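**Q** Listed below, chain by chain, are the residues.
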Amino acid sequence: MSKLNLITKGLIKDNPIFVLVLGMCPTLATTTSAVNGLGMGIATTFVLIFSNVLISLVAKQVPDKVRIPVYIVLIAAVVTVLQLLMQAYTPGLYQTLGIFIPLIVVNCIVLGRAEAFASKNTVLDSALDGIGIGLGFTLSLTVLGAVRELLGTASIFGMKLIDGDGMLAFVLAPGAFMVLGYLMVLFNMYKSKFTDK
Amino acid sequence: MEYIIIIIAAVFVNNVLLSQFLGICPFLGVSNKISTAAGMSGAVVFVIALSTLVTYLLQYYVLIPLGIEFMQTVAFILVIAALVQMVEIILKKISPSLYQALGIFLPLITTNCCVLGLAIIVVSKEFAFGGDPHMLNLAEAVVYSTASAVGFGLAMVLFAGLREQLELNNVPRAFKGTPIALITASILALAFMGFAGLV
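Same order as they appear, the protein sequences are chains A and B. If you're matching positions, the first sequence starts at 3 in the numbering used here and goes up one per residue. If you're matching positions, the second sequence starts at 284 in the numbering used here and goes up one per residue.
Read the hints as simulated data drawn from the structure, not as lab findings. These numbers come from a predicted model, not from an experiment. The beta carbon of each residue, even a glycine, is placed where N, CA and C say it ideally should be. Please note that the accuracy of each hint is not assured.
[Stated by the list, open to error] Derived list of chain B stretches under chain A, where covered just means 3 residues or more per stretch with a C-beta under 8 angstroms from a C-beta of chain A: (1) 298-309; (2) 347-357; (3) 399-410; (4) 439-450; (5) 464-476.
[To be verified] With a Cα cut of at most 25 angstroms, we get these calculated BS3-like pairs of lysine-lysine: (6) Lys193(A) <-> Lys459(B); (7) Lys193(A) <-> Lys11(A); (8) Lys11(A) <-> Lys195(A); (9) Lys376(B) <-> Lys15(A); (10) Lys375(B) <-> Lys67(A); (11) Lys459(B) <-> Lys11(A); (12) Lys11(A) <-> Lys122(A); (13) Lys195(A) <-> Lys15(A); (14) Lys5(A) <-> Lys122(A); (15) Lys459(B) <-> Lys195(A); (16) Lys122(A) <-> Lys62(A); (17) Lys5(A) <-> Lys15(A); (18) Lys162(A) <-> Lys15(A); (19) Lys5(A) <-> Lys67(A); (20) Lys193(A) <-> Lys5(A); (21) Lys459(B) <-> Lys316(B); (22) Lys376(B) <-> Lys67(A).
Throw the hints in and build the complete structure from the sequences for me.
**A** Structure (structure tokens):
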């Protein structure tokens with residue numbers, strides 16, 4: 003697989019949200035606005051890149067039986083670093099995302115990539131894979147956040163587009179499920195255009 | 284009285300699945316049948332009740348006195364992983380039938396975010412149950428998290444029931460699988476929003 007391919011596959015082919023359906027908790031919970039979605043995406047990308055690199059470095063030394071606990075501890079360490087960095091430099095975003103920052107540890111995408119990719123590939127490829135999957139995740143979260151913000155508050159990235167209040171339910175829990183459901187339908191329709199001729 | 288308020292708040296008003304989005308993976312993954320959904324929920328209630336007890340004591344008697352609260356994430360996930368493993372071994376020994384029923388779900392629980400999520404929530408957020416906002420004490424924390432786990436089970440079983448019915452219907456191709464499940468969940472979440480303001 004070419005290096006460029008590693009980065010772009012996360013966008014459509016291996017999109018973590020729309021195709022693999024992984025990491026649903028932060029996806030639904032933190033996308034109340036485009037900015038929050040983007041923030042969560044970048045935070046997860048950071049963890050993905052560094053955990054992938056660390057795990058590809060140690061994978062050969064770790065006995066097979068204890069590999070999952072070892073991976074989880076490594077990921078938790080990266081997340082702790084991220085928590086401290088965010089507390090220091092982006093306290094506002096850290097407050098809004100709240101519990102979902104420490105919960106990146108149990109995000110299935112991170113452990114999934116560690117197990118499926120980083121444990122078998124070189125450091126550079128693993129880093130690129132982290133970037134690629136992270137990009138796909140960030141993009142999906144931003145789109146989802148933007149749609150919910152648009153429907154819920156009639157604005158995008160905090161800019162008011164239409165005078166009015168919007169439908170509050172889309173910022174709340176039911177809207178998260180509904181917007182993601184319909185976006186997935188659109189994604190499937192777009193994909194089936196290419197797959198069945 | 285206070286405990287009844289806590290239980291209602293945790294099960295219905297702040298339902299972990301439908302209003303806090305903790306544990307969505309098993310919610311979408313193992314909710315095809317009522318029996319598996321109930322098995323998973325049983326295992327989750329069991330593990331959450333135990334893990335909150337342990338992580339609460341760990342937070343207040345180890346992490347805070349030593350001034351290493353930033354180690355919370357690492358410490359909690361280790362405790363949960365070890366606990367799940369231990370529960371699995373003990374269950375296998377003392378109650379093979381329960382192990383048969385819950386066995387396959389136990390390893391999945393380590394990465395169920397509602398376990399770690401609840402462990403963190405009960406030691407880091409202030410709650411106001413019929414009084415001034417305060418940090419939860421040990422009993423309240425365990426009751427709150429166990430009730431939340433029961434709420435998880437309630438939503439899981441309801442949703443599995445809906446999905447069993449959904450199987451029999453003719454769903455358009457693009458909606459098959461996860462999309463229609465998400466849209467169904469949205470309607471269920473809308474129903475649970477009706478409980479808001481109850482406590």
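**Q** Each of the hints needs a verdict: does it hold here or not?
**A** For each hint, the structure was consulted:
Using a Cβ-Cβ cut-off of 8 angstroms, 8 residues of the segment 298-309 of chain B lie near chain A, which meets the minimum of three, so the contact claim holds. Counting residues of the segment 347-357 of chain B whose beta carbon lies closer than 8 angstroms to any beta carbon of chain A gives 5, which reaches the threshold of three, so the coverage claim holds. Counting residues of the segment 399-410 of chain B whose beta carbon lies closer than 8 angstroms to any beta carbon of chain A gives 5, which reaches the threshold of three, so the coverage claim holds. Chain A is given as covering the segment 439-450 of chain B, and this is violated because 0 residues of the stretch bring a CB closer than 8 angstroms to a CB of that chain, at least three being needed.
With a threshold of 8 angstroms between beta carbons, the proposed coverage of the segment 464-476 of chain B by chain A holds, since 10 of its residues qualify and at least three are required. Note on Lys193(A) and Lys459(B): the hinted pairing holds, with a Cα-Cα distance of about 14 angstroms set against a maximum of 25 angstroms. The straight-line distance between the Cα atoms of Lys193(A) and Lys11(A) is roughly 14 angstroms, inside the 25 angstroms bound, and the hint therefore holds. Distance restraint check for Lys11(A) and Lys195(A): the Cα-Cα separation of roughly 18 angstroms lies within the 25 angstroms cut-off, and the hinted pair is therefore satisfied.
Taking the CA atoms of Lys376(B) and Lys15(A), the gap is near 45 angstroms; set against the 25 angstroms cutoff, the hint is violated. A distance of roughly 19 angstroms separates the Cα atoms of Lys375(B) and Lys67(A); the hinted pair therefore holds under the 25 angstroms criterion. At roughly 23 angstroms between alpha-carbon atoms, Lys459(B) and Lys11(A) fall within 25 angstroms of each other, so this suggested pair holds. Under the criterion of a C-alpha separation no larger than 25 angstroms, the hint pairing Lys11(A) with Lys122(A) is consistent with the structure, at around 18 angstroms.
Restraint check: the Cα-Cα separation between Lys195(A) and Lys15(A) comes to about 14 angstroms, which is no more than 25 angstroms; the hinted pair holds. Simply put, Lys5(A) and Lys122(A) have alpha-carbon atoms about 16 angstroms apart, close enough for the 25 angstroms limit, and the pair holds. This hinted pair checks out: Lys459(B) and Lys195(A) have alpha carbons roughly 16 angstroms apart, not beyond 25 angstroms. For the hint pairing Lys122(A) with Lys62(A), the CA-to-CA distance comes to about 9 angstroms; that is within 25 angstroms, so the pair holds.
Among the hinted pairs, Lys5(A) with Lys15(A) is consistent with the structure: their alpha-carbon atoms are about 15 angstroms apart, no more than 25 angstroms. For the given pair, Lys162(A) sits about 34 angstroms from Lys15(A) by alpha-carbon distance, which is inconsistent with the 25 angstroms threshold. Between the alpha carbons of Lys5(A) and Lys67(A) the distance comes to roughly 31 angstroms, so the proposed pair goes past 25 angstroms and is violated. With a C-alpha separation of about 24 angstroms, the suggested pairing of Lys193(A) with Lys5(A) holds against the 25 angstroms cut-off.
Between Lys459(B) and Lys316(B) the CA atoms are separated by roughly 17 angstroms; this keeps the pair inside 25 angstroms, and the hint holds. At most 25 angstroms may separate the alpha-carbon atoms for a hinted pair to count; Lys376(B) and Lys67(A) meet this at roughly 21 angstroms.
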